[in-house]
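> For the sequence shown, the numbering used here begins at 2 and goes up steadily by one.
Worth double-checking, as some hints may not be accurate.
[Said to hold, decoys possible] In silico DSSO-like cross-links for lysine-lysine, where the CA-CA straight-line distance does not exceed 27 Å:
no. : residue 1 : residue 2
1   : K162      : K174
2   : K181      : K160
3   : K190      : K162
Because the hints were derived from the structure by calculation, they are not lab data.
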Amino acid sequence: VRGRMRFQGSAKAKIGGVIELKGVGDRFNGDVYVTAVQQDISAGNWITQVEFGLPEDWFAEQHQLIAPAASALVPGVQGLQIGVVKKLHEDPENNYRVQVSVPLLQAETEGVWARLAKFYASDGIGAFFIPEIGDEVVLGYLNSDPAHPVILGSLYSGKRKPPYQPEEQNNTKAILTRSKLRVEFDEEKKVITIITPAQNRVV
Numbered sequence: 002v003r004g005r006m007r008f009q010g011s012a013k014a015k016i017g018g019v020i021e022l023k024g025v026g027d028r029f030n031g032d033v034y035v036t037a038v039q040q041d042i043s044a045g046n047w048i049t050q051v052e053f054g055l056p057e058d059w060f061a062e063q064h065q066l067i068a069p070a071a072s073a074l075v076p077g078v079q080g081l082q083i084g085v086v087k088k089l090h091e092d093p094e095n096n097y098r099v100q101v102s103v104p105l106l107q108a109e110t111e112g113v114w115a116r117l118a119k120f121y122a123s124d125g126i127g128a129f130f131i132p133e134i135g136d137e138v139v140l141g142y143l144n145s146d147p148a149h150p151v152i153l154g155s156l157y158s159g160k161r162k163p164p165y166q167p168e169e170q171n172n173t174k175a176i177l178t179r180s181k182l183r184v185e186f187d188e189e190k191k192v193i194t195i196i197t198p199a200q201n202r203v204v
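Required output: the full structure, derived from the provided sequences and hints.
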């Protein structure tokens, strides 16, 4: 039993001692171990407050219910990291990974091979978009293991700007490739336009 109680001031209650509870029912009546005592004297009144009972970790085994980061084999990586794409092909494990440098973790190394998360990926079908060399990407880590990075997405910045400027109405959506092949979605006019580098259009 753990708890606290207040009663008229007494110097008999001492830390490490035992006091007897009475009048609180068969479940709680009996001796309890005192773990803290506070004496309060104010306005001519003396009140003693006692805490009793031991915390459960003194007599019960505590189990680790959360798996340690990286299965405790290596120090885990906490949070997300920023990486820069270095290489798009020749994955040594043929897992379609992208080589990424992580300045915060590996300033002078060749980088790490990271899997690329897709919104649709299946056997021989799916969405096929890969970041360009030099792009900034966001890295997460499976089970916080630095040996298993995953590219979660790409980032625009002041140096690598988007092809369109944000607008209040947010009516324009688009896909624009490196060679200027473009698919535009106009929310206001409700049209889809395909545009080639030579400005040929299909609406």
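> Each of the hints needs a verdict: does it hold here or not?
Here is what the structure says about each hint:
At roughly 15 Å between alpha-carbon atoms, K162 and K174 fall within 27 Å of each other, so this suggested pair holds. For the hint linking K181 to K160, the alpha-carbon distance of about 19 Å falls within 27 Å, and the restraint holds. Between the alpha carbons of K190 and K162 the distance comes to roughly 26 Å, so the proposed pair stays at or under 27 Å and holds.
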